[in-house]
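Please work from the sequences and hints to get the whole structure.
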Amino acid sequence: MIKNTAKNKNGIITRATIDLKKDLKFVKLTAVSNLAVQNGEMLAAVTEKLLVHYSEGTGERHQEMSLPLNGPDHVAYIHLSRTGFHAIVSSKLGHNFYIHLKSNAFHHLKKLRCVVTAVGWNPDYSKETDTTGPILLGTAQGSIIELNVGSTGMMTTLKELTSQVAQIAEQRITSAPSPAAAITDIQLFQLADDDPKNKKWMVIIAQMARLIVLITDNEPAPVVKLGGFTSSASLQAGLMNLATEQAPSTTFHSFFTSPNTLQHTISSSKFSEKFKNHGFLTMHPTIAEPKRYAWLSPDGISIGNVNIYAERIQDVLVEEFNIEHRLIEGRLEPPTGIALTDYHVLLAYSSRVLALSLLPPHDVIFEDPWNPELGGALGFVSDNVAEFVWLYTQTFAMKYGTNDEARYIWKTYLDRGEYQKALQIARTRVAIEPDALEMVLRKQADFYIQEKNFTAAAEILAQSSEPFESVVLKFLTNSSERKMGLKTLLDKKLERLTRHEDKIRRDALVMWLLNVQLEELAEMRRLKNSNPDPAFVEKLRDTTDHVQRYFMRKNVIESIQTNRDAVYRMCVAHADFEMQLFFANAVKDLRTVIDILMLREQYFEVLEVLKNQRISELTYEMCPLLIEHIPKQVIVYLIQNQDQISPQKLTPCLSLCVKNMEMAIPAIKYLEAQFKGTQTISQNPQNLANLHNIYIHLMAKFRREKLLGYLESHGTIRSDLPYELDFAMRTCEQFKIEPCVVYLFCVAGMFGDAVEKALGFDVDLAKKCALMMEEAEANFAWLEGMEDPAATSYIRQKLDEKAKKAIWLKIGQYYVTQENNVDKCIELINESNHLLTIQDLLPIIPKFTRVGALKPIIVDFLKRNKQRLEKLERSMKEATEIASEIRDKQEKLKNRTTVVKPSDVCSHCARPISGRAFNVHSCRHFFHRECLEIAMISFLSQEEVEKMKTLIIDEERVLSQMKAEQLAGNQKGFIEKQEKYLKIAAFISNIVGAECPLCGNIAISQIDKQFLSDEEFAADLNTWLL
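Quick note on numbering: the sequence shown equals residues 1 to 1026 in our numbering.
Since the hints were made in silico from the structure, they are not lab data. Quick caveat: nothing in here was measured; it's all calculated off a predicted structure. Be careful, since some hints might not be right.
[Unchecked claim] No farther apart than 25 Å at their CA atoms in a straight line, the calculated lysine-lysine pairs in the PhoX-like style are these: (1) K25 - K554; (2) K49 - K28; (3) K824 - K757; (4) K110 - K92; (5) K127 - K92; (6) K805 - K706; (7) K49 - K111; (8) K649 - K669; (9) K554 - K492; (10) K736 - K659; (11) K757 - K810; (12) K503 - K554; (13) K949 - K980.
Okay, here's the thing in structure tokens:
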């Protein structure tokens, strides 16, 4: 390996020199005549007929292939596919060979006799395949041949498409013939592959002095007639037999046969035989769609842009600049080869390589002269996949590559003011050169600020990492343009804050941006008052819509939701209720929405908001406020949602309807509709009491004539009334509806008050009330046996006969005093179902009233009294007889005795009863006193047990004292102790001997209790275990 002597100050271009004989062990090398490299696969002609295949990077030994060539013939051209799998080798005398580099097998293409100077490889076969696919061959005579050959050397397609492409191109333009020129390069592109049967293709053919661009669609291959004329060019190319056979179908024939083919030719303005072998064309990049081309022509080196999808074929190749050939000692020195990189063009001369910048002024940034002992340059080929360029001499190869060639390009663009290009490159170098991006952004922003384009400057600075405070200072002025820039800056910064950790900063930016927007809207509204121009009004509307759309973005609306109280305060500070209403709607803050609409007295809109939401506490809260302004609409809304609304919660709303007729009538309709839901009412009648009270109030004030019918419809059973009786009575008294007051008195059991009230305006109503006393008796629960006063709040004492008579006598008194009509007064006896008697009416009948009218009544009274006295006499006699019988039985019981036999035993211990103190029960159960105490223990309370134990102790103590007195001979002391002993024994007998423990009431009361407790039962059960 020879030391690198390249003069490359910045290290953009690198070179590695390889001695083919020593480094690659090409032992049989005499002189390299041709070399090609693609995808790391090298194929070199090291002698006139020996080819060497070397795979770079695999470490495998090279393979040698000797072609059957005879002198003076030798290898002239080597064409490698981009994949490095296929090769076409052409000799000086027109012999052609196909080599499949995977197997290193070559095949002589005997039917193809011409010098192939260029190959257009098919992009459809860019992967590893056993066939080349349809490809185009360019010859030294200027003809184009389509070929398809497989790895076995079998040609499925071989057809000459045109014998002279240059002549055809010239004829299409000028209709004049042109001399033949060798094809130096063919670039084949597929433009559309949506329909595999109808693909669109483009081919660029390079010659010494022209570039030809053809675009066509696939068409069926033409039918070739057997026999026919064969051109001289074809005869020279060895294709004389192709036309006499049935030609296989071709793919690219339409380039030269279809009238629809688009064609464009770029010709050199100079022509010299010196350049006939220097018509190189190269493109970059080659793997993807090419963006730039370089063409070596007699005019110089043409460099321009490539757009294979251009609408006009003339725009496919557009020259950007031309580099003229250098003059050396009065003669032109054209390059041996050219190659393109991203930002440079490499020119290979016989003893040096130059790299020129593609950017003006196209300076030479790299010059690599080499030692003359390496030999002169024979060729300059590109490895399109590995992106290396190979220059070769007879014994050496030099491998050129790039090393971060964009490192200075962004500065060049920046100095030229091409900020977008500089920015594009700087972004790709952030990891390598982070300061580059910042410098480009600052320079571009400064340029926009100088141009007063603050919006564009803000968009650029938002991408910068410059401290936010220093960036903002550039826009903090009262200038409208700078304010627009500030808005843009905040907006762009906000877009970049997407992480969860940026929430606080995001909220701050949203609030700041909101404040700026509201200030702008406030200023525009202020100017609107002095500028009624419709265009300005439309601008204000558009600005408002823009702000609203902007703040509906996801990250913005989340911040507003979080800080909505601060947002509301900001809107209020700018008096922008429209925007506050918009924000409230955006975050679904119904309360704020309704508050704003209520403040603006937009009551119908408030109702619409409620309609669009589910029934909630807010509905019940707003109905009292709305019903004062739009009562009909509110009531309609309530009726429509009757199933979802709780009527009890509407009490405050309906209570307000007593103010005027306009509110009352809809409220009455709603309540009546609500009362028709009998199922709801029957489930919770007490819960509707307030609603019925309100209904009574509304009816009493605005529909008093219908109130009595409503009250009567609910009957007189007070416990079943849906309304509060006291409230109804007060309301009717307040509005002086006397028939209703009388009716309610009767419902309340206040018949005396009801009759007294009715006598003031209707005596018949008074009698009706009196008759209701008998009817009401069945509807009242009586106080007997009821202890809870709360449970009897609606209960009245049952009227006795005396009270009833007093009520009827009020009516009779009215007839006598007010109407002076004794006959009607006497008729009350029959109307009261004879509750009144003539005896009751006599005190109120005036003196000197004629007896004639009273005679039938008096006689009837005496008859009824006679029967009553006789019945009373019989009852008294029966009572006397029963009392006598009871006295006789009591006398007999005083002399009753019980006989105790010596054989009787204690019912508890089953031992003879005699010999110890015992108790005898009338049921003939006998107990020793000690056994009775044991038997009664379970029936006594704890207090009685303790008392009995105390008495037993006292009894034993007094007994011992009594024995001591007897032994001492103290008769008096003995008698005292004996009396005391008898009293204690009597107390004990009262406790244990009151009832029989076996059959007395005390035993019967214990019938539902278990004989044994759980512990006793378990203990007894254990005794039965074996």
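Status of the hints after comparison with the structure:
1. In summary, the hint linking K25 to K554 is not supported, as the alpha carbons are separated by about 68 Å, beyond the 25 Å threshold.
2. Restraint check: the Cα-Cα separation between K49 and K28 comes to about 11 Å, which is no more than 25 Å; the hinted pair holds.
3. Between the alpha carbons of K824 and K757 the distance comes to roughly 20 Å, so the proposed pair stays at or under 25 Å and holds.
4. Between K110 and K92 the alpha-carbon distance is near 15 Å, which keeps this suggested pair within the 25 Å criterion.
5. At roughly 30 Å between alpha-carbon atoms, K127 and K92 are farther apart than 25 Å, so this suggested pair is violated.
6. A hinted pair counts as satisfied when its Cα atoms are at most 25 Å apart, and K805 with K706 does not qualify at roughly 33 Å.
7. Restraint check for K49 and K111: the C-alpha separation of about 20 Å stays at or below 25 Å, so the hint holds.
8. For the hint pairing K649 with K669, the CA-to-CA distance comes to about 17 Å; that is within 25 Å, so the pair holds.
9. As the CA atoms of K554 and K492 are separated by approximately 15 Å, the hinted pair is consistent with the 25 Å bound.
10. In summary, the hint linking K736 to K659 is supported, as the alpha carbons are separated by about 19 Å, within the 25 Å threshold.
11. Under the criterion of a C-alpha separation no larger than 25 Å, the hint pairing K757 with K810 is consistent with the structure, at around 11 Å.
12. This hinted pair checks out: K503 and K554 have alpha carbons roughly 13 Å apart, not beyond 25 Å.
13. Pair hint K949 plus K980 holds up; C-alpha atoms about 17 Å apart against a cutoff of 25 Å.
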